[in-house]
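Number of protein chains: 2
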Amino acid sequence: MKKYQEMTREELLAEQQSLQAEFDKIKAKGLSLDMSRGKPGTEQLELAMPMLDVVNSKTVLKSENGTDLRNYGILDGIPEAKRLIASMIDVDPEMILVYGNSSLNSMYDQVARAYYEGICGHTPWCKLEKVKFLCPVPGYDRHFAITEHFGIEMINIDMNDDGPLMDQVEEAVKDPSVKGIWCVPKYSNPEGVVYSDETVRRFAALKPAAEDFRIFWDNAYVVHHLYEDEQAEILNIFDEAKKYGNEDMIFEFCSTSKVSFPGSGIAGVAASKKNLEDIKSQLTYQTIGFDKINQYRHVAFFKDRAGIDAHMMKQAAIIRPKFEMLNDLLSEEIAPRGIGNWKKPLGGYFISFEALQGCAKEIIAKCKEAGVTMTGAGSPFPYKKDPKDSVIRIAPTYPSLEELTEAAKVFVTVVRLVSCEKMLAQ
Amino acid sequence: MKKYQEMTREELLAEQQSLQAEFDKIKAKGLSLDMSRGKPGTEQLELAMPMLDVVNSKTVLKSENGTDLRNYGILDGIPEAKRLIASMIDVDPEMILVYGNSSLNSMYDQVARAYYEGICGHTPWCKLEKVKFLCPVPGYDRHFAITEHFGIEMINIDMNDDGPLMDQVEEAVKDPSVKGIWCVPKYSNPEGVVYSDETVRRFAALKPAAEDFRIFWDNAYVVHHLYEDEQAEILNIFDEAKKYGNEDMIFEFCSTSKVSFPGSGIAGVAASKKNLEDIKSQLTYQTIGFDKINQYRHVAFFKDRAGIDAHMMKQAAIIRPKFEMLNDLLSEEIAPRGIGNWKKPLGGYFISFEALQGCAKEIIAKCKEAGVTMTGAGSPFPYKKDPKDSVIRIAPTYPSLEELTEAAKVFVTVVRLVSCEKMLAQ
Numbered sequence: 001m002k003k004y005q006e007m008t009r010e011e012l013l014a015e016q017q018s019l020q021a022e023f024d025k026i027k028a029k030g031l032s033l034d035m036s037r038g039k040p041g042t043e044q045l046e047l048a049m050p051m052l053d054v055v056n057s058k059t060v061l062k063s064e065n066g067t068d069l070r071n072y073g074i075l076d077g078i079p080e081a082k083r084l085i086a087s088m089i090d091v092d093p094e095m096i097l098v099y100g101n102s103s104l105n106s107m108y109d110q111v112a113r114a115y116y117e118g119i120c121g122h123t124p125w126c127k128l129e130k131v132k133f134l135c136p137v138p139g140y141d142r143h144f145a146i147t148e149h150f151g152i153e154m155i156n157i158d159m160n161d162d163g164p165l166m167d168q169v170e171e172a173v174k175d176p177s178v179k180g181i182w183c184v185p186k187y188s189n190p191e192g193v194v195y196s197d198e199t200v201r202r203f204a205a206l207k208p209a210a211e212d213f214r215i216f217w218d219n220a221y222v223v224h225h226l227y228e229d230e231q232a233e234i235l236n237i238f239d240e241a242k243k244y245g246n247e248d249m250i251f252e253f254c255s256t257s258k259v260s261f262p263g264s265g266i267a268g269v270a271a272s273k274k275n276l277e278d279i280k281s282q283l284t285y286q287t288i289g290f291d292k293i294n295q296y297r298h299v300a301f302f303k304d305r306a307g308i309d310a311h312m313m314k315q316a317a318i319i320r321p322k323f324e325m326l327n328d329l330l331s332e333e334i335a336p337r338g339i340g341n342w343k344k345p346l347g348g349y350f351i352s353f354e355a356l357q358g359c360a361k362e363i364i365a366k367c368k369e370a371g372v373t374m375t376g377a378g379s380p381f382p383y384k385k386d387p388k389d390s391v392i393r394i395a396p397t398y399p400s401l402e403e404l405t406e407a408a409k410v411f412v413t414v415v416r417l418v419s420c421e422k423m424l425a426q
Numbered sequence: 001m002k003k004y005q006e007m008t009r010e011e012l013l014a015e016q017q018s019l020q021a022e023f024d025k026i027k028a029k030g031l032s033l034d035m036s037r038g039k040p041g042t043e044q045l046e047l048a049m050p051m052l053d054v055v056n057s058k059t060v061l062k063s064e065n066g067t068d069l070r071n072y073g074i075l076d077g078i079p080e081a082k083r084l085i086a087s088m089i090d091v092d093p094e095m096i097l098v099y100g101n102s103s104l105n106s107m108y109d110q111v112a113r114a115y116y117e118g119i120c121g122h123t124p125w126c127k128l129e130k131v132k133f134l135c136p137v138p139g140y141d142r143h144f145a146i147t148e149h150f151g152i153e154m155i156n157i158d159m160n161d162d163g164p165l166m167d168q169v170e171e172a173v174k175d176p177s178v179k180g181i182w183c184v185p186k187y188s189n190p191e192g193v194v195y196s197d198e199t200v201r202r203f204a205a206l207k208p209a210a211e212d213f214r215i216f217w218d219n220a221y222v223v224h225h226l227y228e229d230e231q232a233e234i235l236n237i238f239d240e241a242k243k244y245g246n247e248d249m250i251f252e253f254c255s256t257s258k259v260s261f262p263g264s265g266i267a268g269v270a271a272s273k274k275n276l277e278d279i280k281s282q283l284t285y286q287t288i289g290f291d292k293i294n295q296y297r298h299v300a301f302f303k304d305r306a307g308i309d310a311h312m313m314k315q316a317a318i319i320r321p322k323f324e325m326l327n328d329l330l331s332e333e334i335a336p337r338g339i340g341n342w343k344k345p346l347g348g349y350f351i352s353f354e355a356l357q358g359c360a361k362e363i364i365a366k367c368k369e370a371g372v373t374m375t376g377a378g379s380p381f382p383y384k385k386d387p388k389d390s391v392i393r394i395a396p397t398y399p400s401l402e403e404l405t406e407a408a409k410v411f412v413t414v415v416r417l418v419s420c421e422k423m424l425a426q
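For the record, the sequence lines run as chains H and S. Residue 368 in our numbering is what sits at position 368 of the first sequence, and the numbering runs on without skipping anything. Residue 45 in our numbering is what sits at position 45 of the second sequence, and the numbering runs on without skipping anything.
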């Protein structure tokens with residue numbers, strides 16, 4: 001197999017013709033496939049069905065602290081649920097606020113809170129001329145959507161295999177209008193990057209100009225390993241931050257959305273005592289409390305971190321073949337032709353494919369033409385602007401392995417075709 | 001029995017002495033009773049326990065529209081839940097947005113949305129010099145806490161047996177900085193007032209100066225009748241508003257918090273198409289969707305409005321004796337002495353007691369001294385300022401009938417004692 005870069009124009013033309021014919025054949029099939037959805041597949045959801053039996057009409061719905069779980073009360077979560085969430089991200093349960101059904105909601109509310117109230121007595125961001133956020137790219141579109149929604153200027157930070165480039169971060173935080181950064185430190189969305197120890201340490205040691213600068217540490221995939229024997233671990237950001245007196249600089253987020261049921265899970269925020277008090281002083285106006293029965297349901301089903309880990313290994317067994325199939329296909333069809341890069345993730349929900357520069361939009365459009373929906377071009381970037389038009393987020397979990405395999409084959413054909421055309425046009 | 005107002009000073013002194021002796025005896029008992037909590041009692045919660053069986057590991061968790069209830073998706077609620085909520089407040093299901101576990105949360109978010117985003121393209125309230133809200137009093141402390149939290153100036157509106165005094169409301173809305181009003185139209189908190197047809201019509205016909213003026217119609221007690229044969233009904237505000245082209249002026253709120261389980265219920269917002277689109281255009285950044293499994297659980301258990309009504313009659317059977325005991329005791333001990341007024345509610349969660357002017361704080365303090373917790377003085381008023389220091393909110397549902405009876409007797413003794421002292425001091 002020859003790299004496209006090494007092909008003659010004639011070879012490229014022949015390749016293009018044959019790929020175009022193949023593409024036309026695929027189109028004629030009228031497929032309807034989808035690799036865009038970062039959702040668990042049905043088999044994964046089935047694993048959590050027994051959770052719906054652990055709370056029933058015979059259950060004594062009392063918290064260990066005596067609270068009737070069926071009545072009003074408890075703003076920050078029942079102690080059992082605090083412990084469960086704390087065990088996921090390895091912090092003291094005292095640092096946990098158990099939120100509602102969605103960590104996205106807790107992150108949105110946190111930005112909203114900072115925007116109209118200010119953090120810990122600082123000027124509300126809405127009263128400032130300019131507020132900026134750092135956005136490691138590629139990243140999670142819904143993070144960027146929140147900050148864009150609040151009119152916050154987003155600044156791209158490049159990523160490498162160790163996480164965000166800390167030189168860029170350290171430089172950027174000297175600007176007092178830079179108020180935060182979005183991070184997915186473990187199995188990052190979409191690349192699956194695991195922040196190195198040095199990266200975490202440098203985050204923990206940051207000396208931002210803005211006192212109300214906060215790291216939004218979205219540990220969304222903390223327990224989402226693909227392998228039993230090869231699991232990434234990252235340093236505990238709070239432990240590191242403590243060494244620099246920087247505990248107040250961090251909000252950590254996680255949830256069981258992709259552990260139990262998306263939409264019916266529980267979310268958690270971890271923060272310093274000072275930040276928690278600040279959050280609760282506002283939250284007490286917003287709600288009397290979140291769903292304590294559902295908190296208890298999660299505790300009764302998973303019991304502890306070991307229970308969650310065992311459950312996640314069952315999920316891994318289901319989705320690992322999907323990731324591996326994709327990795328193998330890209331290794332066979334794309335790598336040798338020199339027309340794309342990706343990292344083989346050890347966890348998380350995505351594979352991030354980097355096409356030749358200027359090809360992502362066209363690949364996604366042609367996939368659509370062939371009946372395969374991909375995540376929108378530019379999605380993993382602020383303002384949906386991929387500066388190189390090259391990143392495509394692939395979400396392997398939702399389709400069956402069979403459907404995914406069919407979709408992946410179409411994708412690979414399209415990547416080849418578009419790359420070919422691109423090179424011919426140069 | 002003589003009215004205190006008709007007693008001689010000597011008679012009052014004798015009365016005071018005997019009451020003081022009684023009060024000292026009560027204090028010696030070291031009671032610990034509570035009439036402050038607007039929460040369902042345990043027996044009421046027991047009624048909903050079978051709801052925890054209708055969804056289990058064998059349930060097919062698919063919405064009628066095909067959505068897997070266990071996965072991401074559906075911002076505004078599953079169609080079945082929209083219908084159930086719509087049936088509670090008698091509107092078209094298309095007008096419903098099913099919110100999370102708390103209508104308070106949905107009201108807070110609505111004010112927050114108006115504050116930092118603006119309603120339907122209008123200037124966000126945070127950008128305005130002055131924003132005012134009308135607050136019918138006595139009213140719900142958590143409503144007032146929200147508007148106070150956002151720095152919104154609150155203006156008292158007096159109530160009578162027909163609801164808020166509409167002359168005051170109509171006059172006040174001529175001020176363009178008046179942006180909203182809190183209403184609990186049926187079995188109002190705390191008086192149990194039911195808005196008359198004329199009141200609802202005049203609300204529906206309001207011509208406020210501010211285009212983004214909204215009526216926050218918190219129909220919290222819409223199905224919370226105390227009697228089978230004597231149930232208040234109010235006019236449908238949306239039907240009336242339609243006659244004046246005023247549908248966009250209303251946000252209606254309700255929930256199942258005091259139907260199923262507080263904290264584990266579902267809430268609903270009803271609004272015009274234009275308002276719903278406006279809400280959803282923001283909400284889509286805040287969450288992917290609320291807990292659909294819990295939405296379905298409510299539908300599977302209650303089925304429809306008839307199911308809810310039947311359930312609420314079982315609740316009524318439990319709490320009615322508590323309301324009636326209080327009503328009887330006040331009728332026997334307070335009314336003939338001319339030292340307090342209240343309305344006998346047909347539904348809702350409270351009895352609002354109006355003591356002699358200047359006595360509420362002292363009554364509440366003395367109850368505390370005797371081991372009986374009452375809702376804080378001033379609570380039913382903006383800024384917790386009861387202009388006459390006379391209103392005391394009584395919450396009969398949470399204690400057992402036995403405890404409530406004991407607490408009520410203490411309350412009555414204290415009301416007599418404080419009234420006596422007040423009259424002697426004059």
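A few of these clues could be false.
[Stated by the list, open to error] Here are the computed lysine to aspartate or glutamate pairs in the EDC-like style, where the Cα-Cα straight-line distance is at most 16 Å: (1) S:Lys-62 <-> H:Glu-43; (2) S:Lys-58 <-> H:Glu-94; (3) S:Lys-25 <-> S:Glu-354; (4) H:Lys-274 <-> H:Glu-94; (5) H:Lys-58 <-> S:Asp-68; (6) H:Lys-62 <-> S:Glu-46; (7) H:Lys-39 <-> S:Glu-43.
No lab work stands behind these hints, which were simulated from the structure alone.
So, going through the hints one by one against the coordinates:
| no. | hint | result |
| --- | --- | --- |
| 1 | S:Lys-62 <-> H:Glu-43 | holds, 15 Å |
| 2 | S:Lys-58 <-> H:Glu-94 | violated, 36 Å |
| 3 | S:Lys-25 <-> S:Glu-354 | violated, 26 Å |
| 4 | H:Lys-274 <-> H:Glu-94 | holds, 12 Å |
| 5 | H:Lys-58 <-> S:Asp-68 | violated, 27 Å |
| 6 | H:Lys-62 <-> S:Glu-46 | holds, 13 Å |
| 7 | H:Lys-39 <-> S:Glu-43 | violated, 40 Å |
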